[in-house]
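For my numbering, add 123 to where a residue sits in the sequence shown, where the first one is 1.
In short, the hints are calculated from the structure, not lab data.
No residue lacks a Cβ here, since even glycine has one placed at the ideal position from N, Cα and C.
You can take every hint at face value.
Listed below are the simulated EDC-like cross-link pairs for lysine to aspartate or glutamate, each with C-alpha atoms no more than 16 angstroms apart in a straight line:
{"id": "1", "residue 1": "K462", "residue 2": "D145"}
{"id": "2", "residue 1": "K462", "residue 2": "D511"}
{"id": "3", "residue 1": "K388", "residue 2": "D209"}
{"id": "4", "residue 1": "K162", "residue 2": "E425"}
{"id": "5", "residue 1": "K462", "residue 2": "D152"}
{"id": "6", "residue 1": "K201", "residue 2": "D345"}
{"id": "7", "residue 1": "K201", "residue 2": "D412"}
Quick list of simulated restraints, FRET-style, between CB atoms:
{"id": "8", "residue 1": "A164", "residue 2": "D480", "range": "36 to 44 angstroms"}
{"id": "9", "residue 1": "E191", "residue 2": "D145", "range": "43 to 51 angstroms"}
{"id": "10", "residue 1": "A178", "residue 2": "G436", "range": "53 to 61 angstroms"}
{"id": "11", "residue 1": "D198", "residue 2": "R308", "range": "22 to 30 angstroms"}
{"id": "12", "residue 1": "A134", "residue 2": "A392", "range": "30 to 38 angstroms"}
{"id": "13", "residue 1": "T142", "residue 2": "I417", "range": "35 to 43 angstroms"}
{"id": "14", "residue 1": "A392", "residue 2": "G181", "range": "19 to 27 angstroms"}
{"id": "15", "residue 1": "L286", "residue 2": "A134", "range": "25 to 33 angstroms"}
{"id": "16", "residue 1": "Q432", "residue 2": "N288", "range": "47 to 55 angstroms"}
{"id": "17", "residue 1": "I417", "residue 2": "G205", "range": "14 to 22 angstroms"}
{"id": "18", "residue 1": "E355", "residue 2": "Y135", "range": "25 to 33 angstroms"}
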Amino acid sequence: MFPERFANLPAYAFPRLRTLLDAHAPGGDVIHMTIGEPKHAFPDWIAGILAENIAGFGQYPPNDGTPELRSAIRDWVKRRYGVALDADTQIMPLNGTREGLYNAAMALIPEQKNGAQPVVLIPNPFYQVYMIGAISVGAEPVFVPATRETGYLPDYAALPPELLNRVAVAYICSPANPQGAVASRAYWTDLIRLAEQYDFQIFADECYSEIYRDAPPVGALDVAQELGADPERVLIFHSQSKRSNLPGLRSGFVAGGPESLRHIKQLRAYAGAPLPLPLQRVAEAVWADETHVIENRRLYGEKFVAADQIFSGINSYLPPDAGFFLWLPVEDGEEAALKAWRETGVRVLPGAYLSRDVAGGNPGKGYIRVAMVAPIEEMRRGLITLRDCIYG
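Please take these sequences and the hints and turn them into a complete structure.
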């Protein structure tokens with residue numbers, strides 16, 4: 124029988140979107156701006172590495188990743204954040220970050236915290252796997268608004284002490300999906316100190332960290348190291364999907380304290396799905412190369428500029444700091460998405476589909492999420508069409 128704790132889950136965002144839109148004909152040439160699937164070219168040398176290692180599909184892959192892949196990730200973390208990690212005990216390659224964000228909850232959230240049901244803090248809006256991870260282990264998900272008033276990041280410190288005493292894990296996404304907000308060094312410092320005070324872990328989803336406008340986003344692990352925090356306090360999750368335009372490679376990693384990684388690896392041994400060996404060889408080379416990442420960031424930089432120009436006359440428009448989504452304010456996200464589809468053929472996602480109703484309000488209801496992943500001329504055409512339809 125289907126577990127009761129899953130019985131009242133809302134439909135996932137994209138099935139909901141199909142229900143909303145697909146009964147209606149598009150009002151023009153279809154332009155897809157819903158899914159955050161990168162469309163820039165990935166490095167052309169990947170094909171050669173894959174071909175050279177094709178025989179590896181005939182072997183079971185190493186469960187914890189090849190030593191070479193763990194070392195490549197270790198070296199990247201050192202270059203990017205200045206943090207020295209042990210490749211054997213503090214890093215595990217993932218079959219995409221979603222696997223890690225879910226399995227870390229399964230492996231690390233206790234059955235009770237201070238004699239009560241544990242709490243998992245989740246920014247609202249949020250990546251849906253955070254919620255499912257909490258529910259799967261019987262924890263209470265607490266959705267904390269990440270709104271314009273809070274800088275589009277959740278203010279966990281404003282929660283009451285009696286709730287914070289039950290917190291086992293706090294998820295945080297920086298740069299944020301969908302708003303593009305970046306946690307500052309001060310934000311990370313305050314959150315890590317709060318976690319130290321109330322003894323909870325931080326799961327830092329940093330998969331958009333390499334798509335930014337100006338300065339590289341600060342990382343959670345380097346701030347934790349500067350503060351001398353418990354090594355188990357922070358886990359970071361990264362991916363090659365956005366950084367390297369390789370969503371189909373399903374290559375990411377989790378890094379953090381050795382005790383946390385030991386439990387995560389143990390769960391992987393029973394229930395996980397390690398990356399096939401030829402794909403691990405590709406990932407080794409991709410983590411070691413920055414040239415393609417710089418070019419990718421340049422292309423997104425052009426898209427940021429184009430979006431700013433197109434929406435320059437819209438007073439409510441707030442340019443994102445990072446990532447590749449626009450979080451556009453509207454009166455009602457569902458109505459705006461349906462209007463755009465029926466009148467123009469532009470397909471966008473209502474913000475409420477990424478949020479939960481809490482205390483009678485949904486912080487995503489007055490927004491639409493627009494993915495800037497299409498080639499720039501198609502993206503520009505879609506944004507102009509959307510602007511004229513929604514704000515004209």
